[in-house]
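Please put together the full structure from these sequences, using the hints given.
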Amino acid sequence: MSLKRTDVLLCCGSGCVSAGALKLKEKLLQEIVKRGLSDEINIIETGCMGPCDYGPVMMVYPEGVFYKKVALTDVEELVEEHFMKGRPIKRLMVQESEEVYPTKKEIPFYQLQEKVALKNCGLINPEKIEEYIATGGYEALGKVLTEMKPADVIQIIKDSGLRGRGGAGFPTAMKWKFVYDQKNDEKYVICNGDEGDPGAFMDRSLLEGDPHKILEGMMIAAYAVGAKKGFFYIRAEYPLAIKRIKIAIEQSKKYGFLGEAIFDSDFAFDAEVRTGAGAFVCGEETALIASLEGKRGHPVLKPPYPAISGLWNKPTLVNNVETLANLSAIIINGADWFSKMGTETSKGTKVFALTGDLNNTGLVEVPMGITLKDLIYKVGGGISEGKKFKAVQLGGPSGGCLMDEHLSVQIDYESLQQKGAMMGSGGVIVMDDSNCMVNVAKFFLEFSVEESCGKCTPCRVGLREMYLILDRITKGEGKPEDLDKLEKLGKTVKELSLCGLGQSAPNPVLSTIRYFRKEYEEHIFNKRCEAKVCPDLVHFLIDKDKCLGCGLCAQKCPAKCIIGSREEKYEIVQTDCVKCSTCVEVCPVNVIEKLSGQFDASPKQEFKKYADLYE
Amino acid sequence: MKTLEELRKIREKAQNEMKMRNSESRVKVVVGMGTSGIALGARDVMKAILDEVSNRKLTDVLVTQTGEKGLSSMEPVVDVIEKGKPKITYGNVTPENARKIVVEHIVNGKVVSDLVVATKND
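Top line first, the protein sequences correspond to chains A and B.
For the first sequence, the residue numbers in the working numbering are 1 to 615.
For the second sequence, the residue numbers in the working numbering are 616 to 737.
Hints are computed from structural coordinates only; laboratory data are not their basis.
Nothing here was measured: the structure is a model prediction, and the numbers come from that model.
Even for Gly, the Cβ is constructed at its ideal location relative to N, Cα and C.
Heads up, some of the hints might be wrong.
[Claimed, not checked] Going by beta-carbon spacing under 7 Å, a handful of chain B positions derived as facing chain A:
no. : residue
1   : L619
2   : L622
3   : A629
4   : T679
5   : G682
6   : L686
7   : M689
What follows is the structure, encoded as structure tokens:
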């Protein structure tokens, strides 16, 4: 029998792993062995706990103490004081202005969150099926197989109001019904784990943190539509997610959740993992199916929809990871429980990856209908470094930018669409006032240009054309007609592209023009970048009156364009400056300034000085 | 996997393994683990308690530790906290006494009065 008295849950989501969680685990184990505590303390790797900014994080049970930013040098003290003597270490707890939050439930970051899909994430060991079962896992599958008909399952999902979490928000039950109605012995279910938005990591965290839940969801969906085989399509950039799902499949085979006559019913099911090569377009379902079949990942014309003719021309259900993660909870708790959360048209919760200039970045799950303000300020903890909020990009390269006047907007599929953004898969990038919106639009567009598969001319050529215009604008070569041209091109690309990539790729540009037109005009007409981001629209100046003449800037300047001497003081040869900011950083007296706008090269003032002398 | 009963059996067993992550427990046993406590054998006392609890498969008992309690002359000190009952503090606990406390107090519900040094209402 075990003498275990403490469970240490160590977050091993990718965020904490890059912050050093694995090294931490090694050191913890060493220290525990050293003190002879190995029989008493469990070190458990879990999936993402959410507050990635605090990483590496851990929770120590039975007290439930939550530690953040645990360094290797803290381990000795932690084992000695807390594990050995039972004195939790205050300085490693979450603290905000004098207030100390010892456990998870007190931490403000978690206050407004409602965890459905992420319920077990960070609380169980994702590589142990028993821990998933302990949380009630596979009960929903058992219930569905022993007590319900496929049509009943579809009905309960319909009543719950669940909509696809991949981005477009198509009603899940309706999609199921299309597949269910097909008379065919061979049908497939695909889990779309091809998450590609920059800054998005919801699906990855779910697959890594609670793989059995996704597998169970897939089986419930398969039973409902009459499929016997499922595929997890996961991008190769997610090796840990792939490993965890593979382990989950192995373990459920052992327990007989996968195989023949599951729960003594007629239902038989098998699942496999397929890895994608990382093309963004393969998140689109027809391209995904082509890729799964071993072909080039190109989207095809719909209809026929995959529900009618999908994988190997058989009826196929493609559901997003998060959609599948919601299913077991709906089956167990009922449709009413689910539909009580959220707004009129958007039910339940949504997982978001909060990133950008926020105090608390990380993985969060909130009820639909929460305002952007609450999401950014209460959950996200507000803008970091005391700066001002400027914009938020929702839905990645397919979504749009919203500004401060939209902070009261409720997050649901329709409200966001109406404002020119979109739910997307759930990436939320918050930007402070040091961001240039033209540059932001250019960044997302560059991504879409790279990821366009090239099939449709409007997307392939149109997006590149738009990119070139934006590039010109950021270089100070914008023309007065550029904005109209961008809008026209954007609309054309949206209308004439075959798949979701092209149909949504112009959104970041169109929405920033809509809400930040002034900023574009500043760039085009005044050749100024207020945020001082675009290198060609800023310049540097040394205040000669205050310059010490130490010459450090001249020494460090990579372009060797700072000239002068101790007596004469220093100045920048503007034509040679590469705008690297090194001089600003090294100046010991901070007299070098980065200024918005191009350097006024006309020697007017100099001439005037001499002209004055002549007079 | 054939029936829901089979699943539930596995679940019960698994939940027992994870009970520490659940704050709901009937009895909480807190061992004073300050420097003087450890010097006087608190570690062995705790091991004895853990061993007894796990041998008897007591799933609703939580064993944890705390720092110096101030009763240095009576170390090792053990608190037994039951919901809705006064906190009982035992002093000068040896591993043998500790096993007795588990059996008499936690299992049979009878306070081992000759070892009690304090009783405190919340």
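Here is what the structure says about each hint:
no.	hint	in the structure
1	L619	holds, 5 Å
2	L622	holds, 5 Å
3	A629	holds, 4 Å
4	T679	holds, 6 Å
5	G682	holds, 4 Å
6	L686	violated, 15 Å
7	M689	violated, 18 Å
In this structure, the earlier hints numbered 6 and 7 are contradicted, and the remaining ones agree with it.
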